[in-house]
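*Asks:* What follows is the residue order along each chain.
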Amino acid sequence: MSTTTIDSHTQAASHEMSVGSFLSTYVFSRDHKVIGIQFLFSTLIWFIVGGLLALGIRWQLAWPWSNMPVIGNMLFSAEGGQISPEFYTVLVTMHATVMIFLVIIPILAGAFGNFLIPLMIGADDMAFPTLNMLSYWFMWPAFIFFGAAFFTDGYGAAAGWTSYPPLSAMTTAAPGSGNAQTYWLLGVTFVGVSSMLGSVNYMTTIIQMRAPGMTMFRLPLTIWGMFITALLQAFALPVLTAAGFMLLADRLFGTGFFLPEALSVNNSPMVSGGGQPLLWQHLFWFYSHPAVYIMILPAMGMVSDILACFARKPIFGYKPMVYSICGIAGLGFIVWGHHMFVSGMNPGLGMTFMVATMMIALPSAVKTFNWLGTIYGGKVRFATPMLFALSFVSMFVIGGLSGIFMAATPVDIVIHDTYFIVAHFHYVLFAGTAMAVFGSIYFWFPKMFGRMMNETLGKIHFALTFLFMNGTFFTMHILGAGGFPRRLADPYHYPTFSHMLSMNQFMTICAIGMVAVQVIFAVNFFYSLFWGPKAGRNPWHANGLEWQAPSPPGHGNFDFQPIVYRGPYEYGSPESDEDFYPQTMPPKQERAELA
Amino acid sequence: MGRVWSILFLTVPILGVWTFVAAMNDWWPMSEGAFGPGQWFPALDVSNHVIDHLFYLILYLTGAVFIGTGLVLFWFLWRYDAATNKDPVVFSHGSHALEVVWSILPAVVLLFIAIYQMDAWANARMRRPLTAEGAVKPPLCRVSGRQFEWRIQYPGEDGRLDTPDDLHVLNDLYVPVNEEVVIEIESLDVLHSFFLPNMRVKQDVVPGMRQYVWFHPVKEGVSDIVCAELCGWGHYKMRGQISVVNAAEYDRWFSAAYAAQETSAYDPAEEEE
Ligand code: HEM
Ligand SMILES: [Cu+2]
Ligand SMILES: [Cu+2]
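Chains A and B, in that order, give the protein sequences.
Residues in the first sequence are numbered consecutively from 1, following full-length UniProt numbering.
Residues in the second sequence are numbered consecutively from 1, following full-length UniProt numbering.
Since the hints were derived computationally from the structure, they do not count as laboratory data.
Note that the structure is a prediction, hence the values are computed from the model and not measured.
Every residue, glycine too, gets a C-beta built ideally from N, C-alpha and C.
One thing to keep in mind: the hints can contain errors.
[Unchecked claim] Pulled a few chain B residues facing chain A out of the computed Cβ check, cut under 8 Å:
no., residue
1, Y80
2, P176
3, N178
4, S193
5, R200
6, Q203
7, P207
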């Protein structure tokens, strides 16, 4: 299969650049690197969209019902720059949807998974390049459906990213949302198809196509993260897909999987029902809890690689790190009920889910201690990728610890569906994963595009993002502990919450700052793309196989057959003459024999 | 520069702790009473302090870990900065003993936290209050969520719900003080969540399911009924009010409301449509 890729490449190169060859090289490419970069650009564009939607939410919470400058007119001209309550529910729904399904999941698996897996295991491409190309192109129907869910008649999908029925199942429950909810479900289905194609490919590639000498326990942790993520996708996604089709059937064909008998909403005719709204929640979280690990395990892997490289030291406890990735993934399948403690689920079951959820904090703690152990005794270089990786560690601690409050069932009674939850998942997903993604872009940019990004701009970008981010999200814990509910267009008419306005204004100002400083990143990215200093093969003096390939690597990746002699973290090894020891470098005596 | 970055990471535990302490002591310029000094949660009106107690227990345990890891991270960055660290790299792949310690220790603490919660959870959700005779206590009233209001229904003379003598009120719940209050909750359309912040009660109401919540108010006063589950565009305005009053006042309110209902043309069957 990989030979065909190389063949078509040589053909393309030998002809003049015709339209057809342009399309097959850059658009309908089957090269894993091009596909990875396509994913990267698409997701970064959606990142901007998601960020602007977030500003809409923050604006409303700080200055409710007042006209929003600039963006207001772009987003909601119909209301003259003022956010209506209908539109507010669309904002919270679509912000989360875009960030989860169009940014975090595809940027980890789609962009970094595609780009890094063959390079880091020493393969010339993925096992199934055509499937790989399709996994990108199946994102496009999703882009279009989610876009339609936004602009379709009325005001758009508005049942939350969790889309609980009956609100999401009955058209009368959200008048004005029209077909948007149907489009939303189709969008999720296509993201699922794309992920599934990718995950089959990643598993096969990692199992089958490792270079000689690359045993499983010599894989970089990035690859372990990607591998276990692919497994999670493969086992959890079918459940979500099935649930999605059931909900579509409830909406379109009058089935009643999620609707109880004789339900009538807003004077609609009664449904025949016979179903249960809680069934959706079980099915949804059976996928979406593992999905939160899909959204962080690859990031944990990439952070581990960056930490070892810039601490100039081996990863502390490589095997415990691998086992805890597996432990998180395994336990991840039996904790979904922690999203449903107060849903009406049998409270006895809540106790079981509480114990399982507490236990999942354990592998997370082990990973954190091992990251700290990796820094201990090293020689830390504070380059931009390292700063982002360190901030991942520091912030993940916060997200993990807040998980313990919510796992405790009695405490969760108070904080469920409040800003405490919002704080928790922004610490793991933004302060964690998104920061790791920034660090990874700074780290692998030279390999992707052959040029270095600017360090000074990178550090300014880091410092400002870090400060504004904590200003925005840390205070959410306080609000949540005080009961401040999420998804409320105007919480201040409740006397219990009216005094929390000033804190929300502070958070909104920080959020505006946080979005604004991303311009620094955009400038750095595009400037460096064209004018950055040329990077050699291995600008960071790292050990991984990808750093032995040219920057950027051509078709087929390596200009020699990589043979692996050791794990990827032998920094500072006394057996090496330098402070790193590439995986492909033969051991000393072998080199002597060769010479 | 390494020093500057180390200190930036040191600000995390410092500002984090400061934020919590400031909120607990009401230093944040946002107070208009509801967070009295040291009053973190909304004003407490239940005899059952146990949820707050559990919250603070977890806060202190996780706080210690937060401060500990934050300080260790700071110290390692400060000490092992490549620009100033003259010692050779400690070429180590890990330590079996340490892994065992830092697996077992958190496991024990986490298990303890989980088991320690169970009694409070059982009391809040599984052990419905009993009457003096030992039967399950009947509900004081039924609260039904509906887009976007809370319909409240008290049994009349006969002590039973769904009979013609029921009292119907909208968004205005009265409960007697110093007594276990049991409320039946249900939904008439989509999901809602019956949230009484001051009572530490939150329960999603699910169409097709009948559920009960209970709490024990010990202080008279008025507070909010909040809907905590997204239920449509008007979710934000689905607000009710709960008044905790003494027994005499409760009786006075009940008969007055009842009399008003009898004289008005209010017909609950009509509004059901
Ligand atoms: C230490 C490990 C963790 C524990 C103990 C934990 C626990 C919990 C619990 C109990 C909830 C439900 C709270 C509620 O709704 O009342 C929750 C929500 C959530 N968690 Fe975690 N969590 C952990 C790690 C993570 C990670 C690593 C991620 C993502 C990368 C994550 C993402 C989320 C999200 C997105 C939600 C909210 C979903 C929603 O309601 O919209 N969590 N977590
Ligand atoms: Cu979860
Ligand atoms: Cu609601």
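*Asks:* Against each hint, give a clear statement of whether it holds in the structure.
*Replies:* Now the hints, each set against the structure:
no. : hint : verdict
1   : Y80  : 5 Å, holds
2   : P176 : 22 Å, violated
3   : N178 : 22 Å, violated
4   : S193 : 6 Å, holds
5   : R200 : 5 Å, holds
6   : Q203 : 6 Å, holds
7   : P207 : 5 Å, holds
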